[in-house]
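**Student:** With these hints in hand, go ahead and build the complete structure from the sequences.
Quick mapping for you: the protein sequence lines, in order, are chains U and H. Start counting the first sequence at 1; every next residue gets the next number (our numbering). Start counting the second sequence at 1001; every next residue gets the next number (our numbering).
I should point out that these hints are in silico values taken from the structure, not numbers from a laboratory. Just to be clear, a hint being listed does not mean it is correct.
Claimed, not checked - Coverage of chain H stretches by chain U, computed from C-beta distances (three or more under 8 Å per stretch; other residues unrestricted):
(1) 1122-1136
(2) 1305-1316
Unchecked claim - If you only want the chain U side, here are some residues facing chain H, beta carbon under 8 Å, derived:
(3) 62
(4) 64
(5) 128
(6) 142
(7) 170
(8) 175
(9) 177
(10) 178
(11) 182
This structure is a prediction, so every number in the text was calculated from the model and none was measured. C-beta: ideal position from N, C-alpha, C; glycine also.
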Amino acid sequence: MMSWHRDDRRQKYFFDDDLPFVRRDPALQDSSTETFKVTGTVIDSATKQPIAGALVELNEAATLVDDKGNFTLQDIPRITALVQVTKPGYFNQQQIEGMAGAAFQQPQMINIGPDMGPVTVELVLEGIISGQITSAEGEPLDEIPVVLSSSMVTEGVRTWQPRVGKRSDDEGRFRIANLTPGNYYLSAGPSNNGLLARTLTARRPQGYPLTYYPSGQDMAEATRIVITPGKHVELALSMIRQPLYEISGTVNGVSPGESVSIQVQGSANFGAGASVDPRTGAFHTALLPAGIYTIRATMHNGRTLGGADGAEMLTPRVEITLNADVSDVHLNLAPAQTISFNFRNDSTSGEERPFGIPVWPMLISAEQGKGRSLNQDIGMAAPPGKQKLLLRNIEPGRYEIEFHPNGAFYVASATFGNQDLLRDDLVITAEGNPPSIEVSVRDDGGTISAEVSTSREAPGITVFAVSQDFPKAIQRAFTSKDGVAVFSGVAPGHYKVFAIDNASDLEYRVPGALDSFLLRAADVSVQAKQQANVRIEVLHREN
Amino acid sequence: MFLLMLLAASFSLLTEPWAPAAQQPAGFSISGSVVNSVTGNAVPEAEVTLQPQFRGAETQSITTDGSGGFVFSGLTAGRYTLTASRRGFMPQSFLQHGSYFSAVVVGEEFDTSHIVLRLPPQGVISGHILSETGEPIRDARVTAFLRDPSNPAEQSQRGAAESDDEGSYRIGRLPPGTYFVCVTAQPWYARHPPTIPPSDTPRVGSPIFHERPTSLRSSDARLDVAYQVTFFGGATQMADAQPIQIDGGETESADITLTPVPARHIRLNMPTNTMGFPNIELRTGPSSIGNQIPVQALQVEPGVWELAGIPPGHFTATLHIAEQGKQSPQVRTIDVGDGSVVDVDPTQGSVSIKGTLRGEAGFRPLGSRIQLSMAGIEPFRTDVAPDGTFEFKEEFSQGTYTLVVGGTTPHYLTNLTATGAKASGRQLEVGTKDVQLSVTVSGSFSDVSGFALLAGKRTPGMLVVLVPQGATKDTAPIRFDQSDGDGSFALHNVAAGNYVLLAVDHAWNLAWANPDFLAQFISKGQAVIAEAGGKSTLDITVQDANNGGPKR
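**Tutor:** Now the structure itself:
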């Protein structure tokens, strides 16, 4: 509920509600009008030199630093708050962590009060990658897509994410700024010179294949580009013209009145189109440079994917290594598999209250090796009023499946036919009428409270709790300011608990990654509705 | 005599060796060269595409040789579209002017061996966007507008770019012409605290929207600033902007400095039963070419909002108001000037519009649609019921709208009358009263075709114009064509009415689409009455724009 009050001293009006990153000292709530002056300096994280022209924001105040990097903010009440500093071309700590996909860590707050000294804030200077793309003959190539990717570890899995995309200009040049420190890979192309269809009877059309810097067509040959604060890397990339080809064939099972579309996917997020005759299903793709592509067709009756009543037909993804025209590809439409999750609340609390979806499943493809969550590709629909979740358009294959508890519930059992999903992967076959995934949740979980002792004050240590009964379940929590990490609503049983510093890029899903830590972990037993306390030391991890 | 000269001339240009007639490849040929339209130099490695305008033949493509030459042979007689393109140049069809070009006509009596395709080289405008202290401004949106050579009062957006970390931008692929460059950007450090106080008697009946404003009490008044939309040369309006001339392929430099000015605040009164944030877009011009200015909305009190962070200037504001399920976008032009608060009250009257659609005997209204459009917003459309009645579900604010009748078969407007609003031609001036329209259409079109004669000879590349006269001006547009290789022109789907037909030489470099320019040729043009369902075929004598009179 918002209210507003008049500030007679300034003839201004502002809203009194909780701003982010502000905590008021409860002992002094609203009754104190004591205010303080906050001073400080903004410096470059590498050179430690002052930075002019940065913007400092704190509470409801904002100011620009002077040309010596110094700032003064007046009339700040006695609060604990985050000093937010920004400047184009620089990153502050929260921006770096956000871009690296690091789990939320407690931001560094300062206590405003009479005893505080001047504050120093560091900003990290951006990196820049620029360059020029030319043909083998040295002619600049324009409108070539350039993609910078970097790897991120999310939920313990290393994935390659495209981060920035640009196109080369009329001189073949590109420039990508605003880069956080890290390792990047650059890919250029593919480009078919804008040729969409075969209308030419002259020599074979040509274009440029996907090329990873410096020159290979395979990601394994890519050279990583290391960016440190303030580094500017200039690259030259040469692309070799190659013949273009097309993929053609038939989509089987088309029905009149339904729209059919074809998705062609190449490496580095390259997508292309194809034209389809909706009556016969005959298709041919745009002209493509040589490479590895996956192609599939979808047909739907116009309702959106993932809608509770949308019906979709899919074909399996077909992988094609294109180094000549490929014809006579058959894509066979079949009804999309829908698998439903049935949630059963077996709690002992006795209340029959509706709880929505108690745990959120996450699917990771074990086969494609990409290790990324497929939740977005697969439409998830939760019909209202039911404790059900529908997964639509799911292809046969093997998947790692995880359940993310919401704190109040834990998964007591999860089965798919005779597959025990708490111990094994989810395997989906092409057979029709798959069973539902039966998930039983309970709300009588216990709590593990881990106090991490460490010689230095370091909030944001990662604490792991690995279930001994279901070793697939790896839970993480972060220590708060007082060094305690809490796992609530966990299944009763035995756990190994340990804490690691420097865990943000630990690929803990790789088998064996946690072995050395498990040897030094503390054993914890948790009973239903009980709290188990444990004190552990921080284990150090080398980068 | 004529034929021998023809063969001799061809000999020097054909890249194939001349063979005696008996050994010539069967069919006709098209040959010529591709040159740089500015320097006249040959353009090698250009792609030349020949597309037949009839069935039964394939499109072909050839790359020009070292002297820019090309040959297509073994061709069937008929009409073809011939186009050349190359990286670094604008694609060009045979005798192309604007979007009009001539078909190449191949046959016994036509000489298609000296075709020259002139490619205009692409130019570049590049520069830096800097702040008043000389610092680069990144992520500024830079837009290049091209003056329409056929109608110099109009411009169209031709390219855009964003400035990079050095403030540098580059807009390429620009054909020769006169350009204007403008920048929209916001100071990155700008913060906009609320300045409009709640009134002593706040309005009731409207919910308070629970949203968190960035209500900073700024320690520094320097932060409540904005950049005005700025053109190259420093002006804030297109009319005062410094033009940039690109004649062919060069790179022109255009640096623009942006100076922060105090940002303005606008008070917005919303209708009492709307929920949520006001859905408002502020643009520098009509939605088709205007850049969007970001607007920060802070709630002052129920139903009253403060829009902050706005630079002074002239904007088109589009407010999307959904009342009881009805969408009604309202468009205002706002002048944000030195006064720091502007009242915009969208609750002022909106009117409903409905009417009937009639045609000739046998006309079936089902499938027709009535469209009302106004510059700056998406057009309003409604379907016509089988009994010919229609009603728009939106409400309309005051302004002038243009009416168009669309449908599954083409029809043209023959009459529009209205009660509650002023109708003239296809324009409708909406005021404060509900509107009832009576729309009459006809589906009987006419064809006007023939030949353009220059000094008695059928000539390609001539501008042919059909200008509506009298009452027809209100309902039919001016029609243009360019004579083909055989001197012919054809205008289809002409609305019945009175016209003057004219043909003009040397007009392509002048304001040929501007009605005032065409007026001087009307007296020597030819009157044409286009009958519904009829065809007119006539020869039209070409007038020379250079000499201001018809050629004899």
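**Student:** Restraint: residue 142/U near chain H, CB-CB cut 8 Å. Satisfied or not?
**Tutor:** holds (7 Å)
**Student:** Does residue 175/U hold up as a contact with chain H if the rule is Cβ-Cβ below 8 Å?
**Tutor:** Interface hint status for residue 175/U: holds (5 Å vs cutoff 8 Å).
**Student:** Less than 8 Å between beta-carbons is the criterion; does residue 177/U satisfy it with respect to chain H?
**Tutor:** For residue 177/U, the interface hint holds, since the closest Cβ of chain H sits about 4 Å away, which is under 8 Å.
**Student:** Hint check: is the beta carbon of residue 64/U less than 8 Å from a beta carbon of chain H?
**Tutor:** This interface hint holds because 6 Å falls under the 8 Å limit.
**Student:** Taking the closest Cβ pair, is residue 178/U under 8 Å from chain H?
**Tutor:** At 7 Å from the nearest chain H Cβ, residue 178/U passes the 8 Å test, so the hint holds.
**Student:** Test coverage of the stretch 1122-1136 of chain H by chain U using CB-CB distances below 8 Å; three residues minimum.
**Tutor:** holds (count 3)
**Student:** Can you take a look at whether the stretch 1305-1316 of chain H is actually covered by chain U? Rule is 3+ residues, C-beta closer than 8 Å.
**Tutor:** Answer violated; 0 residues pass the 8 Å Cβ test.
**Student:** Less than 8 Å between beta-carbons is the criterion; does residue 170/U satisfy it with respect to chain H?
**Tutor:** holds (4 Å)
**Student:** Interface hint check: residue 128/U, Cβ to nearest Cβ on chain H, cutoff 8 Å. Holds or violated?
**Tutor:** holds (7 Å)
**Student:** If you take the shortest Cβ to Cβ gap from residue 182/U to chain H, is it below 8 Å?
**Tutor:** violated (18 Å)
**Student:** At a threshold of 8 Å, is the proposed contact between residue 62/U and chain H supported by beta-carbon distances?
**Tutor:** holds (5 Å)
Going down the numbered hints, you'll see the structure goes against 2, 11, while the others check out.
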